[in-house]
Amino acid sequence: MAAFFKAVNAKIRSNPALSYFCSTHFWGPASNFGIPVAAVMDAQKSPELISGQMTFALTIYSATFMRYALAVTPKNYLLFLCHFINEGSQLTQGYRYLQWHHWGGREKAGVHGAVEEAKEKAAAVGDKIKEVASK
Numbered sequence: 001m002a003a004f005f006k007a008v009n010a011k012i013r014s015n016p017a018l019s020y021f022c023s024t025h026f027w028g029p030a031s032n033f034g035i036p037v038a039a040v041m042d043a044q045k046s047p048e049l050i051s052g053q054m055t056f057a058l059t060i061y062s063a064t065f066m067r068y069a070l071a072v073t074p075k076n077y078l079l080f081l082c083h084f085i086n087e088g089s090q091l092t093q094g095y096r097y098l099q100w101h102h103w104g105g106r107e108k109a110g111v112h113g114a115v116e117e118a119k120e121k122a123a124a125v126g127d128k129i130k131e132v133a134s135k
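Counting from 1, position 104 in the sequence shown corresponds to residue 104 in my numbering; the numbering is continuous, with no gaps.
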């Protein structure tokens, strides 16, 4: 049985395209592409939902691994592309976060925000329940 797997592995490794497809140089970045896809999709959501700490962490993470992708031998351009897209997406999210929370975006939009409104409604409902319960 071991001879069979050794023969299959030798056959795979003899074909450069198949060898690359079966390597971590392909599957690592392919599985990692979920992060930039999510960041691009989140660009359509409200900036109120953005976590500043997570955006900062992912920006540093992507910058670090962009460098790593070019430092390994052989250079992993697919990993570099994945983190390049994520870096751009996270910088965009970071700008949206700063604009909304620190540079007056919320006030310009004339919105208190969904979270604050929900808290106010919950407090009002809580007061009504206490009022009814006390009667």
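Take these hints with a grain of salt, some might be off.
Simulated restraints on C-beta separations [to be verified]:
| # | residue 1 | residue 2 | range |
| --- | --- | --- | --- |
| 1 | Trp27 | His101 | 31 to 39 Å |
| 2 | Trp103 | Val40 | 20 to 28 Å |
| 3 | Pro74 | Phe5 | 34 to 42 Å |
| 4 | Val125 | Gly28 | 46 to 54 Å |
| 5 | Pro74 | Gly104 | 23 to 31 Å |
| 6 | Glu107 | Tyr61 | 52 to 60 Å |
Quick caveat, the hints were computed from the structure, so don't treat them as lab data. By construction, the Cβ of each residue, glycine as well, lies at the ideal position given by its N, Cα and C atoms.
- Message: Output the indices of the hints that this structure fails to meet, ascending.
- Response: 3, 5, 6
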